[in-house]
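Colleague: Chains A and B are the protein sequences, given in the same order. First residue of the first sequence? That's 508 in the working numbering, and the numbers climb one at a time after it. First residue of the second sequence? That's 6 in the working numbering, and the numbers climb one at a time after it.
Each hint should be verified, as a subset may be incorrect.
[Said to hold, decoys possible] Covered stretches of chain A (in silico footprint by chain B; criterion: 3 or more residues with CB under 8 angstroms from a CB of chain B, positions within the stretch not fixed):
no., stretch
1, 541-552
2, 739-748
3, 858-869
[As the list claims (entries may be wrong)] Using 27 angstroms as the maximum straight-line C-alpha spacing, the simulated BS3-like pairs for lysine-lysine come out as follows:
no., chain 1, residue 1, chain 2, residue 2
4, A, Lys848, A, Lys703
5, A, Lys579, A, Lys903
6, A, Lys730, B, Lys137
7, A, Lys754, B, Lys137
8, A, Lys903, A, Lys775
9, A, Lys585, A, Lys848
10, A, Lys645, A, Lys903
11, A, Lys579, A, Lys848
12, A, Lys775, B, Lys137
Simulated from the structure, these hints should not be mistaken for lab results. Glycine included, C-beta positions come from ideal geometry on N, C-alpha and C.
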Amino acid sequence: MTLTRRLLSIAAVALGAASLVAGSALAQQPPVRIGSTLALTGPLAATALTHKLVGEIYVEQLNARGGLLGRKVEWIVKDDQSKLELARTLYEQLITSDKVDLLMGPYATGAILSAMGVAQRYNKVLIHHTFGIPSLAKYDMQFPAWSLGPDPANTVPNTLFDALAKSAKPPKTIAIVTSKFPSVHFISVGGREVAKKRGLQEVLYLEWDFGNRDFGPIAARVKDAHPDFVWIGDIGLEGNMLLDAMKKIDYTPPIHFHVYPAPGPMTKAADANHALALTIFEEHAPFTNSAVAADFVKTFNERAAKANLPDTHVEVQAAASYTAWQMLEAGVRGAGSFDDKAIAAWLHKNKVNTITGNLRFDGPSNYGDDLMKIKQVQDGRWVVVYPPQFAPLNVKLQVQ
Amino acid sequence: MSWPSLNLLGQAILSGIFIGGLYGLIGLGLGLTWGLLRQINLAHFGFVFLAAYLSYQMATEWGIDPLATLLVLPPLFFLAGAGMQWLLARFEITPFNSLLVTFGITVVIESIIQGIWTADFRRLETHYNDQKFTIGNFYLPVPELLTLLLSVAIAVLIWAAMRYTDLGKALRAMAQDGPIAAAFGINEKGMSLMLAGVCAALAAVAGICLALTFTLAPSQIFAWVGVVFAAVMLGGLGSALGPLVAGVIIGVSEAVTMAVTAPSWAPIVSFSLLIAMLLLRPDKVGR
């Protein structure tokens with residue numbers, strides 16, 4: 508063996524040993540623990556299970572990429588049973604007892620607001636995916652993935668009415684019927700104001716309590732009012748129930764918009780063709796043009812089918828959830844630290860590129876642009892119809 | 006407030022009669038156990054929803070006509086109801102404690118439903134959904150009409166049985182004074198088991214009607230408690246026809262309120278009626 512070969516062998520052994528030591532040091536580092544709650548049981552469980560699946564997918568992908576700052580990620584998710592008071596208690600436990608390094612928000616506005624109070628008390632960053640009332644988010648280190656903009660009661664209706672104004676048959680009269688569910692009601696009230704300003708004649712305005720059983724009389728009143736356009740401030744299956752009640756009296760609204768419908772059931776409802784709703788992501792180009800989004804859609808479709816989720820498509824909820832995890836990863840990598848204040852400072856100053864768009868957090872309540880788009884049920888599936896650059900080829904808003 | 010058109014008012018009244026029929030049907034079993042067995046059986050609501058989900062399962066997964074489930078589910082629920090009554094009697098549960106115990110059973114049933122069918126909304130899609138009769142400008146959907154007809158038929162049948170049969174007389178005697186009734190040879194334990202079974206079977210019938218006409222979610226179980234309690238209290242405990250009549254009055258009042266004013270006022274109607282009755286005719290409420 509020549510001297511050179513001997514030296515090379517020694518160097519190779521030394522390198523191997525060094526990498527083994529470094530590898531084992533990385534492996535010995537404790538995992539980064541991210542804590543959150545989700546409504547795994549109770550009335551909000553159906554949607555929260557989507558968020559759970561997305562979180563699992565993201566953490567798996569993140570660990571496959573080497574984790575965060577060289578440490579594996581462990582996600583601790585507790586069941587808040589759809590109860591706001593329990594969410595607050597569990598976030599307190601996650602911080603004080605489980606001693607998690609980072610937080611991820613729970614599902615739905617009420618629970619997020621509860622968690623926000625706890626995060627504020629302990630100076631923790633709270634990134635959340637589904638907060639619907641921006642004006643209530645007062646904490647400086649909370650960051651929204653639900654890109655409604657700071658004034659959705661104004662911007663969302665304007666986006667909708669812009670879309671309708673450019674349709675083949677712009678409406679002249681409007682009926683607004685709405686649930687009093689908090690994150691829905693204020694947008695409907697905003698829609699009413701915007702409609703007035705834009706010169707639409709209001710022929711009916713009705714409110715019902717969340718949990719209303721009988722939609723027959725409401726359907727009869729809408730039919731009686733003969734509106735060109737019906738704004739339905741619904742959440743979950745309320746919209747389906749109202750459409751069912753309308754069908755029973757042989758009435759189909761000319762064109763109808765739903766604030767937060769249950770996306771899967773709405774596409775299957777008999778009279779839901781041409782129903783309009785809001786979205787930030789749908790399973791078609793240009794949303795799926797990025798490799799990250801396309802890969803996520805494919806993985807989610809497969810895993811949701813295996814998990815027996817009723818809707819296996821990636822739409823607003825799943826996309827917002829994925830976006831929140833992208834924000835957390837970007838914040839940690841950008842700050843180069845797990846320190847909450849450093850992460851918050853980085854997020855305040857930088858944009859984050861996500862599957863739902865480029866998000867910024869420097870506006871009121873840390874909200875950036877209103878990225879909401881208008882989607883429509885066409886041939887049994889949701890497609891974005893406005894703004895046109897987000898619509899699939901040859902797809903346009905359809906009116907009857 | 007503008008006065009609604011005759012067409013709107015008529016359709017709203019029809020809608021109220023239909024939902025009132027369902028209030029009455031759910032309230033019938035609850036009122037009978039309350040009045041005759043002295044048990045406030047909150048599990049009745051759990052049974053209603055369990056039957057609704059089973060009917061949904063049998064119709065959507067196994068292709069059975071929802072109305073055919075009327076032949077299967079009530080007998081099964083009869084056994085479940087009698088079994089629950091046997092347990093309550095075995096542990097000598099007092100009327101107040103029955104409220105707590107049956108509330109617990111309802112929570113368990115809700116969890117079972119959620120475990121099997123998830124918390125997501127379920128809708129029974131059948132050919133009945135598209136069927137309706139038209140009278141002039143008014144629409145009578147077949148599922149709602151069937152519910153009302155069943156509700157009326159069952160209430161009349163039970164009223165007649167209570168009034169004209171020995172069994173009915175024995176039940177009423179037992180409710181008035183159990184020990185004296187027993188002295189006359191009435192088997193109180195057997196009668197209690199039978200009555201609890203019948204009430205659970207009625208819950209099954211109501212559940213099938215609920216699945217035909219409404220969207221199902223486990224959390225909806227408790228949404229029906231207030232209004233059905235009001236119908237039972239107004240209609241009279243142990244009464245066969247009372248809950249139906251009270252249910253229709255409440256349903257129509259709610260529907261007319263929705264047609265004339267804001268729909269969000271409707272939920273307070275049932276309780277306003279109950280409070281008014283308590284103030285004006287306290288002797289008639291809950292009797």
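Colleague: Could you grab the alpha-carbon distance between Lys903 (chain A) and Lys775 (chain A) and see if it respects the 27 angstroms cut-off?
Modeller: holds, 20 angstroms
Colleague: Are Lys730 (chain A) and Lys137 (chain B) close enough, with their CA atoms no more than 27 angstroms apart?
Modeller: With Cα atoms ~17 angstroms apart, Lys730 (chain A) and Lys137 (chain B) stay inside 27 angstroms; holds.
Colleague: With a cut-off of 27 angstroms on the C-alpha distance, tell me whether Lys775 (chain A) and Lys137 (chain B) pass.
Modeller: holds, 21 angstroms
Colleague: Examine the stretch 858-869 of chain A for residues whose CB is less than 8 angstroms from any CB of chain B, and state whether their number is three or more.
Modeller: violated (count 0)
Colleague: Residue count check for the stretch 739-748 of chain A against chain B: does it reach three with CB-CB under 8 angstroms?
Modeller: holds (count 4)
Colleague: For the pair supplied as a hint, Lys579 (chain A) and Lys903 (chain A), confirm whether the alpha-carbon distance does not exceed 27 angstroms.
Modeller: violated, 45 angstroms
Colleague: Verify the proposed pairing of Lys848 (chain A) with Lys703 (chain A), using a straight-line Cα cut of 27 angstroms.
Modeller: Cα-Cα ~44 angstroms, so violated.
Colleague: Taking only the CA atoms, is the gap from Lys579 (chain A) to Lys848 (chain A) under or equal to 27 angstroms?
Modeller: Since the Cα atoms of Lys579 (chain A) and Lys848 (chain A) sit roughly 21 angstroms apart, the hinted pair holds (cutoff 27 angstroms).
Colleague: Under the criterion that the straight-line Cα-Cα distance not exceed 27 angstroms, is the pair Lys754 (chain A), Lys137 (chain B) satisfied?
Modeller: Holds, at about 10 angstroms.
Colleague: Checking one constraint from the list: CA of Lys585 (chain A) to CA of Lys848 (chain A), max 27 angstroms. Satisfied?
Modeller: Within the cut-off at roughly 25 angstroms; holds.
Colleague: Would you check the hint for Lys645 (chain A) and Lys903 (chain A), treating anything up to 27 angstroms between C-alpha atoms as holding?
Modeller: Status violated; Cα separation ~39 angstroms.
Colleague: Apply the coverage criterion to the stretch 541-552 of chain A and chain B: a residue qualifies when its Cβ sits closer than 8 angstroms to a Cβ of the chain, and three qualifying residues are needed.
Modeller: Answer holds; 5 residues pass the 8 angstroms Cβ test.
Hints 3, 4, 5, 10 from the earlier list are contradicted by this structure; the remaining hints agree with it.
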